Amino acid sequence: MELLDLLQQAAPTLFRGVGYTLIFAVASMLGGLLLGFPLAIARIVPSRWAQWPATVYVSLMRGTPLLVQIFVIYYGLPSIGISFSPLTAGILALSLNAGAYLSESLRGAILGVHTGQWAASYSIGLNYWQTLRYVIIPQAIRIAVPSMSNTLISLIKDTSLVSVITVTELMLATKEVIAVTFRPLPLYLAAAAIYWCLSMCFERLQIRLERKLGQAHKSN
Amino acid sequence: MATTLSKLSKIAAAILITSVTLNAFAADLLDTVKSRGTLKVAMEGNYPPFNFKDPKSGELTGFEVDVAKLLAAKLGVKPEFTTTEWSGILAGLGAGKYDVILNQVGITPERQKAFDFSQPYTFSSAQLIVRKDEKRSFPTLESLKGYKLGLGQGTNFEQKAKAVSGIDVKTYPGSPEYLADLASGRIDAALNDRLLVGYLLKSSNLPLKAGATFGDIDKIGIPFQKGNPKFQAALNNALDDIQKDGSFKQVSFKWFGFDVSKAPAAQ
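Chains as they are written, first to last, in the working numbering: chain A, 1 to 220; chain B, 1001 to 1267.
Pulled out of the complex, with its shape left as it was, chain B reads as follows (with noise of 0.2 Å):
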């Protein structure tokens, strides 16, 4: 499965490359979504609170359903969702199936050579989640050299993890798995989103707490194709706008309790 995955992430960049340089020629994406009247955002539909089918009504809902919602509507158009698994996400955006991604997508150098981005619209730092009995302290990653880590496979958090060498870095498909893992005492910790550990501990019923949370600190934007700077700015404008009259911190509150677009600090 490892080597299929990253064979998979060779074809998905040569793929990413290929469409990007096509994509120099095209129209400006703003013009192509006004004259559609619809923005295509795609998500994983299975990440709460952040996007997620809501189990009674099987309706996608979430904090950034709500987002991409209020942003459509300051650019004139109406949003269509899809959803599909984080491993294809990124390469679905290259291929043009899709205008823009809000999936919590943290803006690294890596993803700025295939793609432009919004500017940020949360903030985070990740977080560590550890048993409910667990005596041992775990203030850093570093302080987890030779502990088993669960993380979701293709995530930030991964790539924070295999930076620090001696973590033995456990990868899952995704946050269900690795908590039962973690829970059974298979790993000793996971790692993720502070903004989502809170919702998980909350809603999972797993004897499980929240740990250190680590300084640095996650910049979240939209990214969508490069050379769309009319795009880029009508985008960057609309969330000016949501946070100016005050929609984004109320979509906000009502997903976490507080305002993710200031820094954790402030939060």
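Chain A extracted, bound-state conformation (with noise of 0.2 Å):
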């Protein structure tokens, strides 16, 4: 069928791309996850002048395109002599953007952690930080874990934002083999499949990192 035989002659130029779509994705979560707690600590600790950097970045990285960051680090920055591989440059790109997502996901859930667990951390002789880290930090992550997941998720699909910088992920390889075949739909259908599988992947690890973050609610 000819289907079958498009697909077919697609099948490793699109598997060299999921390659590439995978390295930036799995990069730029940890990349992501990296920035996102300190970023999140700094907004919430009771000093100024940890806070406002701290909530600038993240205005900034939310309020302006990822595309236009990715341009202006791989495009912008050798102009004032700083120069990246495109695998650098877009792996930095991602996760300084996905770092500022994170840190309000996680920001949300220190939030959402009931007052009362720092009253009783501070009664117990806790200090600030102590509280933070023992008390507050493991609640707030499991709080936090679906929308984190989200952002991580979201990444997987932006990787196509780095075809301007020279990389053949997934979706530019896709527009590779179209140039040839001039079959648009069943080949943007099979990114849009491969896509949909690879974010399914990290659905399951999201769902056995909550159920393995909620057991310590359970056992008691």
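Think of the hints as simulated: they come from the structure by calculation, not from any bench.
One thing to keep in mind: the hints can contain errors.
Claimed, not checked - In silico EDC-like links for lysine to aspartate or glutamate, alpha-carbon gap of 20 Å or less:
id, chain 1, residue 1, chain 2, residue 2
1, B, K1056, A, E2
2, B, K1145, B, D1216
3, B, K1148, B, E1158
4, B, K1078, B, D1066
5, B, K1230, B, D1031
6, B, K1209, B, D1181
7, B, K1202, A, E2
8, B, K1219, B, E1158
9, B, K1056, A, D5
Stated by the list, open to error - To give an idea of the interface, some chain B residues facing chain A are shown, with a C-beta separation under 10 Å as derived from the structure:
id, residue
10, A1042
11, N1046
12, P1048
13, F1052
14, K1053
15, K1056
16, T1082
17, G1092
18, G1094
19, P1173
20, L1179
21, A1180
22, S1203
What the hints assert, rightly or not - Label pairs and their in silico Cβ distance ranges:
id, chain 1, residue 1, chain 2, residue 2, range
23, B, Y1199, A, D5, 16 to 26 Å
24, A, L87, B, K1056, 23 to 33 Å
25, A, L34, B, F1258, 56 to 66 Å
26, A, L30, B, Y1199, 39 to 49 Å
27, A, A11, B, K1230, 40 to 50 Å
28, A, G81, B, K1145, 43 to 53 Å
29, B, P1173, A, A11, 17 to 27 Å
30, B, K1254, A, A11, 27 to 37 Å
Model, not experiment: these values are computed from the prediction.
All residues carry an ideal CB built from backbone N, CA and C; glycine is no exception.
Using the hints, put the two standalone chains together into the complex.
Okay, structure coming up:
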């Protein structure tokens, strides 16, 4: 069948694209998490000097298109002498962007932990940082998992934007096959199916993580 | 999306200007290329028959890949190819991510403000594509007033069509998208490089045919960063050399069946 031939022909190119998409998504998830935690903490601690840079950063990253951020980092910074490879620039841009969104999920979750928890911790002699570390954050992470997963799953699809900086990820790979076969519909659908599969893998991880984090609350 | 793109083009323009001024202090590109031993060539990689990935081997191939190999050999270096989307390709050249672009870049006054160009290596003109059963005739761009015309975003053709008021110009990311829309009747005609039209119609299997060609001739050159006179001279010499030894003509016949370095009337 003709459609099968087409997909068979496209498969190697698409799978090479998937490889890049996964590298970008996973590396940026780690980068985003590394950045998101300190940002969230910085925005809740009672110090203006920690709060406002973090607030400005989050506002800037959420208030400008990711595509513009990728352009600035890859094409803009060389003019002031900073040059990244496409891989580094892409991971950097996605991490910086995802970090801002993740910090908001986490901040919401930290604020969502009942204030009674703070009072209780202080009453047993824990200080601010100890309360945050041992009482609040463990509970906050559990609350934050669904909305952090949102950001991480969005990230998988946002990797399609790095095609503008010479990276042949899944989307650009798809366009390359379409350019020679002139069959946009089946190939875009194939790309959509692959993105969906990747996202479903991460959804499974989310479910497992939620179960694991929820165990402590079920056992007693 | 339109606002994002216009923002992007402003940013890209700002970047181009800054990087071009900075580059004035750097060594001539020819020295850089020779000492590096490679010529970094950028192209879209999804623009057959000019440059595209062979669907079977996944290798980059096409007319411009062959030309780039010939030119690099004349310069005594190896070509190193990068593929990227058209939307970022000129910004990447401005930022020094690669040395040259071989991607049917038309020499326009606007682009010449930001970059220097080699002498033209191909000549072409714009050509319409219409549905096979099209009864109306569109002999000129002006005759498309009031009709929907599809073309690639940020291309020469976009500027040409927008210069004629009254044409309903629809821009698309690439030719597969607007050809599909043309075949399904959502637009009345599409505009592209006449060198490309023959290939498109042959390989796309869509119910389309070639329409009128528009007289003015597009000169296609190789852009690179300003302020590299030695590189420009060497590149032009290399272009002359591959013309003289017949290797350009051979490559041209291989992909188009005629010599694209001659003006369209003589092809």
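How the hints compare with the structure:
1. K1056(B) to E2(A): holds, 16 Å
2. K1145(B) to D1216(B): Holds. K1145(B) to D1216(B) sits at ~19 Å (cutoff 20 Å).
3. K1148(B) to E1158(B): This hinted pair holds, its Cα atoms lying about 13 Å apart.
4. K1078(B) to D1066(B): holds, 12 Å
5. K1230(B) to D1031(B): holds, 8 Å
6. K1209(B) to D1181(B): At roughly 14 Å apart (the allowed maximum being 20 Å), D1181(B) and K1209(B) satisfy the hint.
7. K1202(B) to E2(A): Status holds; Cα separation ~18 Å.
8. K1219(B) to E1158(B): Holds, at roughly 16 Å.
9. K1056(B) to D5(A): holds, 12 Å
10. A1042: holds, 8 Å
11. N1046: This hint holds: N1046(B) lies near chain A, its Cβ roughly 4 Å from the closest one there, short of 10 Å.
12. P1048: The hint holds - P1048(B) has a Cβ within 10 Å of chain A, the shortest such distance being about 5 Å.
13. F1052: holds, 5 Å
14. K1053: holds, 5 Å
15. K1056: holds, 7 Å
16. T1082: holds, 5 Å
17. G1092: Holds. Min distance 6 Å.
18. G1094: Check passed: Cβ of G1094(B) comes within 7 Å of chain A, closer than 10 Å.
19. P1173: holds, 8 Å
20. L1179: holds, 7 Å
21. A1180: holds, 5 Å
22. S1203: holds, 7 Å
23. Y1199(B) to D5(A): 16 to 26 Å: holds, 21 Å
24. L87(A) to K1056(B): 23 to 33 Å: holds, 27 Å
25. L34(A) to F1258(B): 56 to 66 Å: holds, 57 Å
26. L30(A) to Y1199(B): 39 to 49 Å: With Cβ atoms ~44 Å apart, the hint holds.
27. A11(A) to K1230(B): 40 to 50 Å: holds, 46 Å
28. G81(A) to K1145(B): 43 to 53 Å: Check passed, 50 Å falls within 43 to 53 Å.
29. P1173(B) to A11(A): 17 to 27 Å: holds, 23 Å
30. K1254(B) to A11(A): 27 to 37 Å: Distance hint for K1254(B), A11(A) holds at roughly 29 Å.
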